[in-house]
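Peer 1: Each chain, written out:
2 protein chains.
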Amino acid sequence: MALPRAHRLDLIKPFQVMELLGRARALEAQGRDIVHMEVGEPDFPTAEPVIEAGVQALRAGKTGYTTACGLPELREAIAGHYWRTSGVHIDPSRILVTPGASGALLLALALVANAGDGVLVPDPGYPCNRHFVQHLDARAVPLPATAEQRFQPQPTDLAAVWDDGCVAAMVASPANPTGTMLAPGQGAALHDWLAERDAALIVDEIYHGLVYGAAPPTVLTERDSVLVVNSFSKYFGMTGWRLGWLVVPDGMQQDAEKLAQNLYIAASTPAQHAALACFQEPALALFEERRQAFAQRRDYLLNAVREIGFRLPAEPEGAFYLYADSSSLAEDSHALCRDLLEQAGVAITPGLDFGTLGAAGHVRFAYTNSLERLQSGVERMADWLRG
Amino acid sequence: MALPRAHRLDLIKPFQVMELLGRARALEAQGRDIVHMEVGEPDFPTAEPVIEAGVQALRAGKTGYTTACGLPELREAIAGHYWRTSGVHIDPSRILVTPGASGALLLALALVANAGDGVLVPDPGYPCNRHFVQHLDARAVPLPATAEQRFQPQPTDLAAVWDDGCVAAMVASPANPTGTMLAPGQGAALHDWLAERDAALIVDEIYHGLVYGAAPPTVLTERDSVLVVNSFSKYFGMTGWRLGWLVVPDGMQQDAEKLAQNLYIAASTPAQHAALACFQEPALALFEERRQAFAQRRDYLLNAVREIGFRLPAEPEGAFYLYADSSSLAEDSHALCRDLLEQAGVAITPGLDFGTLGAAGHVRFAYTNSLERLQSGVERMADWLRG
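As given, the protein sequences belong to chains A and B, one line each in that order.
By the count of this note's numbering, the first sequence reaches residue 1058 at its end, each step adding exactly one.
By the count of this note's numbering, the second sequence reaches residue 1058 at its end, each step adding exactly one.
Some clues are possibly wrong.
Straight-line Cα separation of at most 25 angstroms, DSS-like style, residue types lysine-lysine; simulated pairs [as the list claims (entries may be wrong)]:
| no. | chain 1 | residue 1 | chain 2 | residue 2 |
| --- | --- | --- | --- | --- |
| 1 | A | 684 | B | 684 |
| 2 | A | 733 | A | 929 |
| 3 | A | 733 | B | 733 |
| 4 | B | 929 | B | 733 |
| 5 | A | 929 | B | 684 |
Honestly, the hints are just simulated from the structure, not real lab data.
My request is simple: use the sequences and hints to build the entire structure.
Peer 2: This is the structure in structure tokens:
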């Protein structure tokens, strides 16, 4: 007698970073000081005005279900946000509030992909994308992304791996782990190539807003018929609340609502009420302050890791990550990460967690830690690399 | 050019009750008074001690991610709850805190079912179960449940619909829409029959605690190797917070954690902190008061709807529903529900929302409304039925 075990479980590799994090905690328990540059969560707590809105909602007893698509006033606030930041009109009916960007990815893929269908997923990329595809027993087709192309695909890159069973391609802008963005017109080109094949473009914009320099607007300014995933976790600093959204093309609203009703009923009600405060002035000013702090850390870290021997030919424009080429420092980035943790007390993430293409020659630095700690981390790495 | 559309969307029927609810709201907007007996959400707000714990957590800045399995202290509190209420020891490592029972169902099915595999789903039953199965492009195999068997299957019922491609059976105790429970030993018998076929038993216990009379304990007292879905929504009154849990058999923990990390990262952190208060005295006393209020409503409504001509051969033992045979009152329960809404101002749910077997001859009453309102609803129905 044995319990059944779904095949997808063999396809989902455990995150290397979880093992490293476990080891880091063990070292800390022994009294070692570890500089954390592996964490994909902003170090800023949820902004006070958002906390306060959450408290008010709880005290007012706003604890029942909302409709599956979310609070109408929140969907309107998100539409207003697109208008203010990108000058694009999105009908609120196309916006579904979801339990995290995870819920949005779950919906987006369930809308377009059957078991066996192919979905192009960037390599390197957010590893859960691949696993969401495999969750549906669909095929995650690696879409190679190299530094030469700024880790963002062109239509020719789609064409190189496309097969007749493919139904969609996922990209991210700004991307995890690379921090690069789609260039102006690039999203439109991808969309048009896919549309000719009756296939869907899914764009993960969960790091939107966390951009440093000239910020390209949402892909929705270029094409309307795109599925866009976004989140209150990163720019808006609401990770643990689990709130995100999905913008669907016109015509997909009813299907998306039906899936939402069945797959998760609705997103968290207190979180939705709290999120309303994200689009008002006191919170917006805080988010801008935090963005500037991230920008400062990025500028520091980008130069600093280059100085100690890492290479970054494609400068990151957003998110809070650097995806650095470590091949001139170590043959195997996974071993390098282990050594840096054990011997230098610095935790970073090996490329393996983001795919296979060039993974052994890359590491990801997250600047979700104070400038002082980042400086201390760089000094330790510099000392260690000097041997 | 057209966007791809997954086949599963054709399998998911919209809920009839949503259409009725929409019509009820339109009538209310016209000034009509409608008695709501269709809503599957307790009318009690979240208990004050739980709200207060949520507020404290927010004020303390507990807004970051927890680990994928949930707060260790909450998993321990849930284990303690099983010990106190059922005298069974569940290792906290087997308990995963999930984003609602929806998240638990998502995990449970993704653990055991591949595309094409069969999963037995009770008819009548919670409609989302069928859709969760179809979400994975697995086959939802209807498991007929009749009043003669108290709407709960025996091994012979599994055998009657089983095929070689089946990997699991889902049951619920107390069940939605019927309110009936597995009898002592019934869960064990189902488990043993399934185990001989290397198949899994998934038991939905989200209405556990909301039982009236001698309450059979969790199926975990009978067998250890069962996947049990539970929720903070019903007995604990936390619907909109979206929090539930899944108990997995020993040996499945790592797979379940891996899936959780990828599919939803973690359940809501403020909700988890608030839920800790559910297992402490002030809240527990409130839950017991509410259970007694539900018991009173159930006793009233059960007799009252029988007196006006509905039949309930299988008396419900839990949840907050009556699944009543309307066949001697109307040929088509869907038409009956529409007529009752339009002409009597009473909203109830047609059997169609819960399956097809006997659906045209059944309706579901929810007693999630005050005794006064239920009485008013019954009077209106009695008048209307007298013509």
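Peer 1: It remains to establish, for every hint, whether it holds in the given structure.
Peer 2: Against the structure, the hints come out as follows:
no.: 1; hint: A:684 to B:684; result: violated (35 angstroms)
no.: 2; hint: A:733 to A:929; result: holds (24 angstroms)
no.: 3; hint: A:733 to B:733; result: holds (19 angstroms)
no.: 4; hint: B:929 to B:733; result: holds (24 angstroms)
no.: 5; hint: A:929 to B:684; result: holds (8 angstroms)
Hint 1 from the earlier list is the only one contradicted by this structure; the remaining hints agree with it.
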